[in-house]
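If you want the building blocks of each chain, they are given just below.
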Amino acid sequence: MSLFLQELVVGLATGSIYALIALGYTMVYGIIELINFAHGDIFMIGTMISVTILSALGITAESHPTGFTLIGVMVAACLGSMLLCAILGVVIERIAYRPLRNAPRLAPLISAIGVSLILQDVGKLWKGINFISFPQIFPKTSYHLGPAGNGVDISSVYILVIIVAVALMIGLQFMVTRTRIGRAMRAVAQDREAAALMGVNVDQIITVTFFIGASLAGAAGFIYGLQYGSTIFSIGFTLGLFAFTAAVLGGIGNLVGAMLGGVLIGIIEALASLIPDSTAPASHGFGLPHGGAAWHEAIIFAVLILILVFRPSGLLGSQTPEKV
Amino acid sequence: MSTSVSSRTFLPERDTRQRLIKWIVALLVPVMVFTIWSGESIINAVISPGTASGNVPTDFPSLVQAAIFTAIFYVAVIALAGYLVAADSGRRGMLELWVDVLVFALVPLVLVIFFGLIIGLALCAIVWPVYFLIRNQVRKALNYTAPSPLEGLKLLDAEQRVLVMERAIAGGFWFGLAFAVVSLIVDLVFFISGSLTTTLLIWAIVRTILLPIAGYFLGRLSGWIALRRTLPARDSSNGNSQSSTNGIGNGRSKRRRLEVLSTSRAKEEVKDLVPNDLPLRSAGAQRFYLIILVAFVLFYPLIDPFLFGFGTDGRLAGYGDAGYYVILALGLNIVVGFAGLLDLGYVAFFAIGSYAWGILGSTQLTNVLNLAPVNPHLLSWLFWPMLLGGALIAAFWGVLLGAPTLRLRGDYLAIVTLGFGEIVPIVFLELDKYSNGPNGIVGVQSPAFFGLQWSVITPTPYYYLILALIAITIFANFRLRDSRLGRAWIAIREDEIAASSSGINLVNTKLFAFGAGAFFSGIAGAYHAAKLGGVSPDNFNFTDSVVFLAMVVIGGIGSIPGVIVGALSVYAVNLFILAQLDTLAADPTNFMFTVKNSIIHVIPGFTFGNIRNLVFGIILVVIMIFRPEGLIPSARRRRELRHAEDEGPGGDVLDVVPGAPGFETEVRVE
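These protein sequence lines are chains A and B, in that order.
In case it helps, my numbering puts the first sequence at residues 1 to 324.
In case it helps, my numbering puts the second sequence at residues 1 to 670.
Treat the hints as calculated values from the structure; they're not laboratory data.
A virtual CB, placed ideally from N, CA and C, is assigned to each residue, including glycine.
Each hint should be verified, as a subset may be incorrect.
As the list claims (entries may be wrong) - Partial selection, computed: residues in chain A whose CB lies under 8 Å from chain B:
(1) 120
(2) 295
(3) 304
(4) 308
Just chain A, same shape as in the assembly (with noise of 0.2 Å):
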């Protein structure tokens, strides 16, 4: 049951993770139906901008500030991360997808993909080929709750990043039902047109939306950085296609659901680890070859499939009649 327990944490930051990228792919898509395939690349730069500012500010794997010291830094990587993300968003949309508004489905989708695998080899040539190592700023300390010897242990970095995303989320859901800007958005979400005539500058708020998006993504990539210790060029693809996942999971388009679906891959990818070995002796043949850790890819594609079979437009998703 510890176990359990244990892995439930480890999925829950992860989740965390998953959600606040996932909120990106499920904003734009909400906005203009396009599966932003460059977004958990923009994540990937996220890492890499976050250990450049660092870097720049004297950090090393060996120092640890503390203090306010601690704080600054970290808020500064944070932001800078964010903002530069945000930056980066922006700069997509407008070279690669504004032009492809009006295009065929497919077209834009494409472009995504190009974008994506244009950042990919950027960061290849940036930070090189291997995973580079994140100092690890944050003191680790680890809490224990439960009887001593079967519990549950909580590392502070998974609070924090809990924290952190919990922080943010709870933002973006107040700045989408209660600000003028979130209004304008929710009204682009659901008609175009109608908004446009309504006197909402549609481009303006799709600006906003990849600015927010991206920013999230950045501040995704922050908080990974804390919690993994080190990043590569790849990982934005592999964790992109989770949090898309996620998004999907949740329903595309809507914001709680996108949460909702990160959290639930975090946890389904941590339980996973937990289904035992099958070659190995004593396991007596119950499992999965090598492994549940193995296979968690292929079981969060599985329960994603399963859901969609019963739930076509995801958890949260409505179910909206097809138009005639």
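Starting from the structure of chain A, add chain B where the hints point.
Only chain B this time, still in chain A's reference frame:
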């Protein structure tokens, strides 16, 4: 019509003379470039094998094949000249045509000569869009409007038909003569400088006499072809006959029909008539291109040494690989292009096909089942049934994996297929008892075919195998597209609800699309496993699915020729050119060496292979922005995308009653 040699063939009138000059210059320049580059040396090797140099084959069967190829090539070109002269309406300028021919015939030829086939053609794919862009800009600046094709639409009476025939004969004759004379002059220069043997000189003189005669008869032939595409007028001499429904009277009704069609549709139909403004693009001329292309592809392994010198085997192996990409792209085109179901996990079926032959065609299966290994010779023969078997297995899985997606729409469907694309390779990777896990399967048997050598050093059998497979795939694609099922796919793509209301069974139709698409990837997979001699799980990633999809979209979604071109150009850019650049950069004498070194100063560890995705990504984005309909869009899609600017006041009027003859062609969809 008279069979005597009309004097007008030799002394053409002014109108005909203009067309003759226009087309002879346009055709002669590229043909001469080809002749000087290789055509001459192929003929010389056939006429006098002793003079052949380099690694050119001199055995008898090769020479016969070379002779057949050159004969087909020159015959087709001369006949084409006759057809073009006859089919040209003469309303478009000479200069414009020459620039077009320069860009679309000469530039590719020169690029291919200097950079090799694949790279040359891929560079063309870059040059041509740029040319289109410039041409459109220039036209816009000059306020150019193309002459309306419908105005030139005229019924040809008997006299004009004779004129068309005479023009064709004159075209063939004068082209043959011009070609013979120019070649003779070149040969004489060589003879005087001593590099031409006497045998070859005799041939040159014989040729000078033969070519105009051949030109005359080929011109006749092409005139006959051109006449079949005219609109014949009612003959006044037998005007009382009631034959308005067949033959002669058809011309007038067809003309009326064309005039009532929507402008964009009529433009397409009109370009196949004789005379027209763009004979190079007419269906008649396309027959000749097809003949040349087929001859070239069929005899390619033999003429390759003439064209590019040493290294034929390596190149052929490369083209074999390009070939299965073509099959994959065509298969995916069924799902995405015809049925409009976005499939992001197509690589799954390719993996299934590969492993189908990989597991059966090696000792893997017998090892797992603890059986005695099958005699390898017998196993090799099993490849042929397994080609079909692998395809059927893939098709089965296509239907099975397609089933859960039936209720899904648009992007939900995409993500589910993506999911299958990720799951299937993981299954192969982790079920290592059967698939040998991350090490992949090695020692997969190559096919056996009556003593032919199938190996890396003798790629010719693979070349012909993939050629045959591509031919079957293309044929099947065309037949599927025009079948009842194909029309149902297109209906679903356009509007699912409307299609369903019209009585199309959505479930079956969609499943058939998934099955048919997967079937072809199964064929490609079995070929891939046999050619590689093994299966590696690294070859089946999401990136590969994306590459296949890019092939379809770049080529022109739903368009069969477009998809083939798209597959070849994506293959060339993605897997060929950048790898080639690294080889070039390794050579200190090459220009690329300095380029690479100057980049390395800025970015350490730079190789061209490293920026493969970067270049590929930029190409994807640029093509999507400037030509979202793809390189060669299907006619239907072009109509859709250019709808606003082309549609005349009439709109899409159906002027043939359903059920009447001709209705089928009227409503045919591509």
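Evaluated hints:
1. The closest approach between the C-beta of residue 120/A and any C-beta of chain B is roughly 6 Å, which is under the 8 Å cut-off, so the hint is satisfied.
2. Using the Cβ-Cβ criterion of 8 Å, the hint placing residue 295/A at the interface with chain B is satisfied: the shortest such distance is roughly 6 Å.
3. At a threshold of 8 Å, the smallest CB-CB gap from residue 304/A to chain B is about 6 Å, leaving the interface hint in force.
4. Interface hint status for residue 308/A: upheld, as the beta-carbon distance to the closest one in chain B is roughly 6 Å, under 8 Å.
No hint from the list above goes unmet by this structure.
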